[in-house]
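K.L.:
Chains A and B, in that order, give the protein sequences. Numbering of the first sequence is given in our numbering, commencing with residue 1 and proceeding in unit increments. Numbering of the second sequence is given in our numbering, commencing with residue 625 and proceeding in unit increments.
Please note that a few of the clues may not be correct.
If you want the footprint, here are the derived chain B segments under chain A, 3+ residues with CB under 8 Å [unchecked claim]: (1) 667-673; (2) 684-696; (3) 704-716.
With a straight-line cut-off of 30 Å between C-alpha atoms, the simulated DSBU-like cross-links for lysine-lysine are [to be verified]: (4) A:K262 x A:K294; (5) A:K526 x B:K651; (6) A:K526 x A:K500; (7) A:K526 x A:K479; (8) A:K133 x A:K84; (9) A:K479 x B:K651; (10) B:K651 x B:K757; (11) B:K651 x A:K262; (12) A:K103 x A:K133.
Hints in this document: simulated from the structure, not taken from any laboratory. From the three backbone atoms N, C-alpha and C, an ideal C-beta is built for every residue, glycine too.
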Amino acid sequence: MTAAPGSIRPFTVEDRRLAEAMSNLPEAVALFDRDDRLVFCNPRYRALLAPISDLLAPGITFEAILRTLVERGALDLGGQDLEKFVTRRLERHRAAAGPIELKLSSGTWILIQERRLASGDAITQCIDITRSKEQETALRESNARFDLAMRGAGAGIWDWDLRAGTMTFSPPLREMLWGTAMPRVPNLAGARDPSVPEEDRERLRSAMIAHLKRRAPFAEEFRYPARGGRLRWFHVTGQAIWAPDGRAIRMAGSIIDINDRKRAEATLAEREAQFRAMFENSLDAIMTVDPDSKILAFNPAAERLFGYAAIDVIGRHVGMLGPWRGPDGAPRSRTQTPDALRALIGRISETHAGRADGSDFPIEISVAEVPAGEHNVYMCILRDIEERERVDERERDFVSTVSHELRTPLAAIVGALGLITGGAVGEIPERPARLVAIARANSTRLARLVDDIIDEGRIEAGRLALDIGVHDATRLIAKVIEDNAPLAERRGIAVRFAPKSGAWLVRADASRFQQILTNLLSNALKFSTVDSAVDVWLVRRGDFIRISVQDRGPGIPESFRPRIFGRFARADTTNARSAGGAGLGLYIARRLAEMMAGRVDFETVWGSGSVFHFEIPVGGGPAA
Amino acid sequence: MGQRLGLSFRDPGGRRSGGVNRGSQAKILLVEDDPDLREIAVLALATGGFQVRDFGTGEEAISGAAEFGPDLLLVDVMMPGLDGPATIAALRERVGITAPAVYFTARAMASEQARYRALGAVDVIAKPFDPMKLPGLLREILRAHGTPR
Numbered sequence: 001m002t003a004a005p006g007s008i009r010p011f012t013v014e015d016r017r018l019a020e021a022m023s024n025l026p027e028a029v030a031l032f033d034r035d036d037r038l039v040f041c042n043p044r045y046r047a048l049l050a051p052i053s054d055l056l057a058p059g060i061t062f063e064a065i066l067r068t069l070v071e072r073g074a075l076d077l078g079g080q081d082l083e084k085f086v087t088r089r090l091e092r093h094r095a096a097a098g099p100i101e102l103k104l105s106s107g108t109w110i111l112i113q114e115r116r117l118a119s120g121d122a123i124t125q126c127i128d129i130t131r132s133k134e135q136e137t138a139l140r141e142s143n144a145r146f147d148l149a150m151r152g153a154g155a156g157i158w159d160w161d162l163r164a165g166t167m168t169f170s171p172p173l174r175e176m177l178w179g180t181a182m183p184r185v186p187n188l189a190g191a192r193d194p195s196v197p198e199e200d201r202e203r204l205r206s207a208m209i210a211h212l213k214r215r216a217p218f219a220e221e222f223r224y225p226a227r228g229g230r231l232r233w234f235h236v237t238g239q240a241i242w243a244p245d246g247r248a249i250r251m252a253g254s255i256i257d258i259n260d261r262k263r264a265e266a267t268l269a270e271r272e273a274q275f276r277a278m279f280e281n282s283l284d285a286i287m288t289v290d291p292d293s294k295i296l297a298f299n300p301a302a303e304r305l306f307g308y309a310a311i312d313v314i315g316r317h318v319g320m321l322g323p324w325r326g327p328d329g330a331p332r333s334r335t336q337t338p339d340a341l342r343a344l345i346g347r348i349s350e351t352h353a354g355r356a357d358g359s360d361f362p363i364e365i366s367v368a369e370v371p372a373g374e375h376n377v378y379m380c381i382l383r384d385i386e387e388r389e390r391v392d393e394r395e396r397d398f399v400s401t402v403s404h405e406l407r408t409p410l411a412a413i414v415g416a417l418g419l420i421t422g423g424a425v426g427e428i429p430e431r432p433a434r435l436v437a438i439a440r441a442n443s444t445r446l447a448r449l450v451d452d453i454i455d456e457g458r459i460e461a462g463r464l465a466l467d468i469g470v471h472d473a474t475r476l477i478a479k480v481i482e483d484n485a486p487l488a489e490r491r492g493i494a495v496r497f498a499p500k501s502g503a504w505l506v507r508a509d510a511s512r513f514q515q516i517l518t519n520l521l522s523n524a525l526k527f528s529t530v531d532s533a534v535d536v537w538l539v540r541r542g543d544f545i546r547i548s549v550q551d552r553g554p555g556i557p558e559s560f561r562p563r564i565f566g567r568f569a570r571a572d573t574t575n576a577r578s579a580g581g582a583g584l585g586l587y588i589a590r591r592l593a594e595m596m597a598g599r600v601d602f603e604t605v606w607g608s609g610s611v612f613h614f615e616i617p618v619g620g621g622p623a624a
Numbered sequence: 625m626g627q628r629l630g631l632s633f634r635d636p637g638g639r640r641s642g643g644v645n646r647g648s649q650a651k652i653l654l655v656e657d658d659p660d661l662r663e664i665a666v667l668a669l670a671t672g673g674f675q676v677r678d679f680g681t682g683e684e685a686i687s688g689a690a691e692f693g694p695d696l697l698l699v700d701v702m703m704p705g706l707d708g709p710a711t712i713a714a715l716r717e718r719v720g721i722t723a724p725a726v727y728f729t730a731r732a733m734a735s736e737q738a739r740y741r742a743l744g745a746v747d748v749i750a751k752p753f754d755p756m757k758l759p760g761l762l763r764e765i766l767r768a769h770g771t772p773r
């Protein structure tokens, strides 16, 4: 560093006056002579250049100040070359051209203003602009963040100068609406843009006018073919600024893409409409109940069912719909614990309810827990089953009556013919005896048919009750074989059954067990060839005992196998023997077996016969 | 189907039969409202060697039972007027008959047997029945439940 104190120009009176005036200025000021040597500087200048304040004596050159500042690391060159910087800085200094900004290493930003005086001296003025610099940076960063946020949110800002008639859009908004393609000159935030569907445009325009003239809030939704694609929904808001004379001069606002929300809203509205239609028009009564057992909704069918208007029950405890009387017929308080509905979730239950007129009636109820915001609500579907119960009862009576009315005359016929064929009235000639035998066989068959039809009806109605006990299977089987002996004899078929000794205990309804076996055995006897044999045996299979009946018949045709256990199942065959029944025997056998936790199945070989298997659970306790 | 038992019936008109004594001579009180069925049952039981007295209604049975002194009651379930259970109850309570009772029913549901037993019967015979097997069945029941004579 070189300083040549010897060559300073003399300190004039003017200089002193100037120095005095400057010493109290809040800005940093320094005066250099025409050779760029420091004449004097004020304390503020000294403070600003604190790192080199020891050198700030009159006579030091501007260049020395610059270099020392850099040398002592007080000046941040931002990576530029020192010589270039010094050269450029000196040129500017000498020309006193325009203000320059510099950042000191301390973080202080200074704005430097230089002026050449008529004397050739130069005054350098430094202003600390750190604060405004910081604000500017913050603003720039904030703007960048804002743009980013806007882009992310699918939103943007528009600004409309009404006097100039120009409209500007923030970059995110331009990108959102038009992508990289330059837009046709957009107008009034869409109010005159022909790309906006006409009805939306009309709405925008009148809202805009209402805002500008009457200062009504401006917030509208409109559709726009964003980026030249399909119409999307946008939401626009804006606020104008009015001149004192009442004329709007400027308006700015934002546009947000709300397409996804609109679509979700539309779907929701659709669902809501569908649900509402279902709710209003359902033939079943529907109501919703909150976790505190308060009724939330009550549909028209529910109004009809209970005789209450929705308005009279909504908000009240669901217990008000309970029966008026308990099972013992005594009046009961119509409250229900909140748990009662919970307990019914997920299945169809039958219970009783009470109508507004004080009568009780049976209902079928199914309850579902439906999420609804914070709490779940219970949706209850209710159905009056009084009529159904009446019908059921009538049907039960009918089946019972028909059963009785058919069986009584049948019993007389079967009985009378039985006495004759049994010889109770003495020997009868062979030809009449043959006819009587035919009549008796057929009356017995008719009786069985009636039984099958009644059984089928009860099975279908789920009303066939069983009397399950533990029985010795061999005894039941022997009994069935004995009962079918006449048929076996007539067809010349030997029924072979030789169980291993010991009791084979099964859990079954004894008479239904025999019915199943009778069906299997009589089929085997019917279909086996004359003078052959039917084998019956039993084996233990795990927790089951399997009784098998093997015939020597033609086997079951492939086409018939899938429906052999169906109701009224008949093979497509001209075989006269197969036409003997209603086609219910195997259906009933399988269903009865299933009701006793067993099963009926078969194996067959076309041309050589079939084996039917009947499996039934092993009986635990002693034989009944 | 009926097995030949080699028996013959000799008193076809006998309402109060029992003239033929081929069996235990046990006395059966029959209550059945259907006349044809009643006749067949009487015929079958007489053939089997029972003494039978038959009635068309529960009320008639109640008035005639004491004099007859039955060993077994064979009673139809569904009858006009007093039905089977009511008839048996009255026979026990009002006449003091203790003989075992068997129901005669056209509602031949095995599952209903338990209910019938609860109504005071020891067994149930389903209609239609094989008349030639009826005597054997009743003898079995008498062996199991009857009072020794």
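K.L.:
Hint by hint, say whether it matches the structure.
P.N.:
How the hints compare with the structure:
| no. | hint | in the structure |
| --- | --- | --- |
| 1 | 667-673 | holds (count 3) |
| 2 | 684-696 | violated (count 0) |
| 3 | 704-716 | violated (count 0) |
| 4 | A:K262 x A:K294 | violated (33 Å) |
| 5 | A:K526 x B:K651 | violated (41 Å) |
| 6 | A:K526 x A:K500 | holds (27 Å) |
| 7 | A:K526 x A:K479 | holds (19 Å) |
| 8 | A:K133 x A:K84 | holds (25 Å) |
| 9 | A:K479 x B:K651 | holds (28 Å) |
| 10 | B:K651 x B:K757 | holds (17 Å) |
| 11 | B:K651 x A:K262 | violated (93 Å) |
| 12 | A:K103 x A:K133 | holds (10 Å) |
Going down the numbered hints, you'll see the structure goes against 2, 3, 4, 5, 11, while the others check out.
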